[in-house]
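Peer 1: Taking the hints as your guide, dock the two standalone chains into a single complex.
These protein sequence lines are chains F and Y, in that order.
Reminder that position 302 of the first sequence reads as 301 in numbering that gives the first Met the number 0, one-by-one numbering, no gaps.
Reminder that position 245 of the second sequence reads as 244 in numbering that gives the first Met the number 0, one-by-one numbering, no gaps.
Some clues are possibly wrong.
Said to hold, decoys possible - SDA-like mimics (lysine to any residue), calculated; alpha carbons at most 25 Å apart, straight line:
#1 F/Lys265 <-> Y/Arg263
#2 F/Lys265 <-> Y/Leu337
#3 Y/Lys277 <-> F/Lys269
#4 Y/Lys277 <-> F/Tyr100
#5 Y/Lys277 <-> Y/Ala312
#6 F/Lys297 <-> Y/Pro145
#7 F/Lys269 <-> Y/Glu201
#8 F/Lys269 <-> F/Asp215
#9 F/Lys132 <-> F/Leu170
#10 F/Lys132 <-> F/Leu197
#11 F/Lys265 <-> Y/Asp244
#12 Y/Lys277 <-> Y/Asp327
#13 F/Lys132 <-> F/Asp119
#14 F/Lys265 <-> Y/Val330
#15 F/Lys297 <-> F/Glu51
#16 F/Lys297 <-> F/Lys265
#17 F/Lys269 <-> F/Ser257
#18 F/Lys265 <-> F/Val188
#19 Y/Lys277 <-> Y/Ala341
#20 Y/Lys277 <-> F/Asp199
#21 F/Lys297 <-> F/Pro286
#22 F/Lys297 <-> F/Gln253
#23 F/Lys265 <-> Y/His319
#24 Y/Lys277 <-> Y/Gln26
#25 F/Lys265 <-> Y/Gln204
#26 F/Lys265 <-> Y/Glu314
#27 F/Lys269 <-> Y/Glu314
#28 Y/Lys277 <-> F/Ser184
#29 F/Lys265 <-> Y/Pro145
#30 F/Lys269 <-> Y/Arg263
What the hints assert, rightly or not - Some residues of chain F that are not near chain Y, with every Cβ distance over 12 Å (derived):
#31 Phe23
#32 Ala71
#33 Ala83
#34 Leu89
#35 Gly130
#36 Glu140
#37 Tyr152
#38 Pro153
#39 Ala192
#40 Arg220
Hints listed in this document are in silico derivations from the structure and should not be mistaken for laboratory results.
Computed from a predicted structure; not experimentally measured.
Glycine residues also receive a C-beta, built at the ideal position from the N, C-alpha and C atoms.
In case you want the letters, here they are:
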Amino acid sequence: MSREGPILEIDGLVKDYAIRGGLFRRAVGEVSAVAGVSFLVERGRTFSLVGESGCGKSTTGRCILRLVSPTAGSIRFDGIDVIAASKRDLRRLRRRMQIVYQDPYASLNPRLTVGAIIADPLQVHGLWRDGGKQRVERLLERVGLDPAHINRYPHEFSGGQRQRIGIARALALEPELLILDEPVSALDVSIRAGVVNLLDDLQTELGLTYVFIAHDLSVVRHMSDHVAVMYLGKIVETGDCDSVYDRAAHPYTQALLSAVPVPDPKVERKRRRILLEGDVPSPVNPPSGCRFRTRCWKAQSICAQEEPELVDRGHGHPVACHFAEVAS
Amino acid sequence: MSEGSAEPLLEVRDLSVVFPTDEGPLQAVDNVSFRVEEHEVLGVVGESGSGKTVTQLAILGLLPTRATITGSARFRGRELIGLPDDEMRPIRGNEIAIIFQDALAALNPVHTIGDQIAEAISVHHDTTDREMRERIIELLDLVGIPNPSERADQYPHEYSGGMRQRAMIAMSIANDPALLIADEPTTALDVTLQAQVLEVLERVQDRTNSSIVMITHDLGVVAGIAERVVVMYAGRRVEEAPVDDLFETPSHPYSLGLLASLPRLDQRSHGQRLYRIKGQPPSLVDRPLGCAFHPRCEFATVPDPCATQVPEAREVGPGHFSACHHTDQLVGLTPAQLRERAAT
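Bound-form chain Y, shown alone (with noise of 0.2 Å):
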């Protein structure tokens, strides 16, 4: 809902999905707004079930059937909420990208490296022999891969975790997309190995001035890459900014309670009890009336109007929203006075 002059790259408005289960309709997204622009990397944070991944499936047009989507997403003026998989095609893969967590289960294992990117460049453009190994060793190299004339022949399981995971980046970046949605890319890599990936991944913004969606629980990954933030709650957008006003001031409970609560490596802490988030994750299925954190919410006022009405995001300083009815409780408050209050 942040209002530029300039088009967006991604426009997405009041985009809701829901599923049927046996249970009832399950809404894993909800009402979610928001805008990529040219050449930024906007971190999207939330915990399992909050409607990260789910929003971007939704835009790609890779939900199953039964799924009932609602609203907007305008890539470069042009919706595509409904678009025929015929017309999506030639987007998606192409003008959008997506790296997925797993890089095992994303490659194929009876090809090699280079015929797989191959494979994504010719789908979408007619190359030469020549321009396409020559295009496919320039990839391999911008992901740092060594020696990549000989590792573009090798198979995926002679390559090790790390550099699947690069060979995937370079095969999502083949056709130079102007988005890249990157899903968790990192989660399920050691620490030095997802700096690396962070390091290629910030390379190759820099060279090919794509946008970056990167989707994440990890806080960390967030203040280190993103320049603008959207935090995510029970498939509602409840917070987002400019990542330096996210974390200083975080306007939203859920923001502030979960930026309290992290131990820190540069810090000591040890005795010292953290900032501890009541209670749990809702379920979907079961979401609370009103402001969906309202049970975990300690400046929550109930039932009027927290447990009762859903609150609008409202603008709390430049680029900065937070859709919660007690904003003006939080001004000024930070996540360490947070921690030092609930101590005393």
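With the rest of the complex left out, here is chain F (with noise of 0.2 Å):
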């Protein structure tokens, strides 16, 4: 195993689904959520996927686990290839990567109590007979909750506790990596600074490695050290954090930055809007050529015939655009 060296390397990642109709729901076409998606995530550190619905930013994170087996590329974690590894091998690999799921009211099983739900990955990977109970009670002190709610239920729970009891579950075999699919957005305002904290200690104390999944802009900036835009299945733009978000070079990078609400009035009546025209093409049908290219206001014909390879254009930071440049 080795301890230098990205902890993650994701290469040419593709992942198709069939287009199912018909009677017989036979196979009509095909749809890449994820079409292409290459990107490094070094250790101890948070590496953001950023993007709206549909973007495949949750399906990427899913092919990290392969929770959903990807179509085509390379996933290697710590050097090890995820998808040709073994069920077994698989089983071992997934304790080193754990998932926090956006829900919390969704994503915990209702008539267990919260020492089982914490307890079940221990049990199903055998870990649970030398001393799993106590193991169990400092997860939960770990993230801030009562030791002794071992025997409650999470209907007994609020939201961000609900959310602390899916994060204490997903440690309880002591991963390295953890995709983080949306962990804040579902929560209460007043609470998803608690969370953000915790996510933000834990990583400190336990060394762990973040992919964070997120549409919070606000809060990407806040976590991440490195950052990547996904439109329509594919990184448009990405780097270093404070580099794209200060230096953003990307016509669609610059439209989401600029359409995010920032909670202070004399700011906001200073601030222009970059209002995108229309809505996210069919991924069913993406454009030729660069994929953004139908709602940019850059957009010439080469935009139509040649796709913009993602590369360091001169802005510190690689950019997926004929007409990248950092907006005055």
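Peer 2: Right under this line is the structure:
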């Protein structure tokens, strides 16, 4: 096991889904939820995937854990090929990679006690026998819950507390990597900060690596070291978080950032919003060339003919746009 | 409770709503007062269970009959609370309209968008077919739907998510309402669509001179669109202020804490801790005595007065009210200072 280099290497990841139709639900076409995505995640850091619904960020996260099987591309976790992994290898891998889901109301079994929910991964992986209960109590304490509540049911907890239970369950196997799929967006505003701080603390103490999937760009800026902006199954811009936020060079990133309201009326009055025309096109039949061109104010004929490569064009980070330029 | 000279469009006074539940009476709204002036955008901010939606539904007479509503809501001088349904109907959807969060659920899938707008108009007005058609196209155009004459004949499933939301706004404003209540109209939308919808609402307000009550949990949305803001917590109004004052000198520990806890898109904060309001939002069946925020408040003195007396709203600046026993301690304290204070 190497301790050097990135912990996660994603190269050319593609995930197609069959479109079924007709009487016998035959496959009548294909849609690429993820259409060739590559990135590296450094150990102990937070890499965020951002973008709007349907951009493929959650599917990418699920591919990493092989909760869905990728169609093409490679995923290496700590040098191990995740896609080629046998059932046994995958089981071992999943001890090291866990996921926290968005909705703490849907992701916890309502008929199990909190203790049983957190114990489940330990039992599945045969780690329950030596001091399992103490371990669960320590986990509860670690995520800021009262260990005395081990026999309570999920409905007895508030949304923020349930999300902490989800985090405790993900931590039970002492993983190295957590996929955080919108972990705070379902929570009330006044309890988000507490969960964000908890994730921060856990990362520092346990040396965890996060792949953070979110649409809230303010939380992403706070949490992340690196960020990748996705549009229609592809990464359009990626890099060091501050570099992307301060010097966004892709028109889509610029529009996305400009659309986020800032909680400051004086700033809001001065900000210029880039309003995109129309909606995201259907991924069943994506535009030729650059996928963003149908909504882009900079689009020229080359954009329809040639897909722009995701390369550094002199903005300090890679951008997939023929006319990449930092807004003045 | 802000006293202006001219008669407000809507004046709500001491409004309370109680629902009977198996666990006892649930007071969803507790003595809430506010006014909406002509041609203004009032933001109503609060988390789930703060009573922001129930307040508006009570005003519109849309609550189930088992709810006990007391207090007053006067629209252009006319009392709405207790108004019989047949007298409410000409007001609702006509003079006061509502925009819901979920456009797909609010639109009928078996009628064209044009027919649904026509229905909203014909319930309240007699028009010729030709006038109706012109009005529908004008409305769709106003909310930014391209090719409105063709789009009017399409069904909701042929519209994208953002367009459905626009179509619903078109339906809501079809009768030129004086007051538009928008209940989290952008919450389910992606951020670029949210920006489009907010822009449409601003344009609508500009063109029609209506007033808007914008109910949201998003302080960013409020900062962008509202002129005045009411902050609600556990069924009560805890603060009301002109928008700049609320964000610069919040005078209730809840508003102050919320603002301090938000990470910002335009600021670097990676590696720093966020300010955190301790505890959880309260259950309304078991609301803390005195000030409902006191168990989470770092300024609270318990038991007296915070855990024993419900604080009255006090005017701390022009048009700026705070219902806190310790407002004097908060004077001049900004969200940034609270953040720094907590960090040290």
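Peer 1: Going straight from one Cα to the other, do F/Lys269 and F/Ser257 come out at no more than 25 Å?
Peer 2: 11 Å, holds
Peer 1: For F/Lys297 and F/Pro286, compute the direct alpha-carbon distance and say whether it is at most 25 Å.
Peer 2: Status holds; Cα separation ~15 Å.
Peer 1: Is the hinted pair F/Lys265 and F/Val188 satisfied, with a Cα-Cα distance of at most 25 Å?
Peer 2: 22 Å, holds
Peer 1: For F/Lys269 and F/Asp215, compute the direct alpha-carbon distance and say whether it is at most 25 Å.
Peer 2: 21 Å, holds
Peer 1: Would you mind confirming whether the straight-line C-alpha gap from F/Lys297 to F/Gln253 stays at or under 25 Å?
Peer 2: Holds, at roughly 12 Å.
Peer 1: If we take the beta carbon of F/Ala192, is the closest beta carbon in chain Y still more than 12 Å away?
Peer 2: 4 Å, violated
Peer 1: Would the pair Y/Lys277 and Y/Asp327 pass a check requiring their Cα atoms to be no farther apart than 25 Å?
Peer 2: 22 Å, holds
Peer 1: Regarding the pair Y/Lys277 and F/Asp199, is the alpha-carbon distance no greater than 25 Å?
Peer 2: Holds - the C-alpha atoms of F/Asp199 and Y/Lys277 are around 17 Å apart, at most 25 Å.
Peer 1: Check the hint pairing F/Lys265 with Y/Arg263 against an upper bound of 25 Å on the C-alpha distance.
Peer 2: Roughly 14 Å separates the two Cα atoms, so the pair holds.
Peer 1: Would the hint linking F/Lys265 and Y/His319 be met if the CA-CA limit is 25 Å?
Peer 2: Given pair F/Lys265, Y/His319 holds - Cα atoms ~18 Å apart, limit 25 Å.
Peer 1: For the pair supplied as a hint, Y/Lys277 and F/Lys269, confirm whether the alpha-carbon distance does not exceed 25 Å.
Peer 2: Answer violated: Y/Lys277 to F/Lys269 is near 33 Å, above 25 Å.
Peer 1: Hey, F/Lys269 versus Y/Glu201, does the alpha-carbon distance stay inside 25 Å?
Peer 2: 16 Å, holds
This entry does not satisfy hints 3, 16, 27, 29, 39, 40, going by the numbered hints stated previously.
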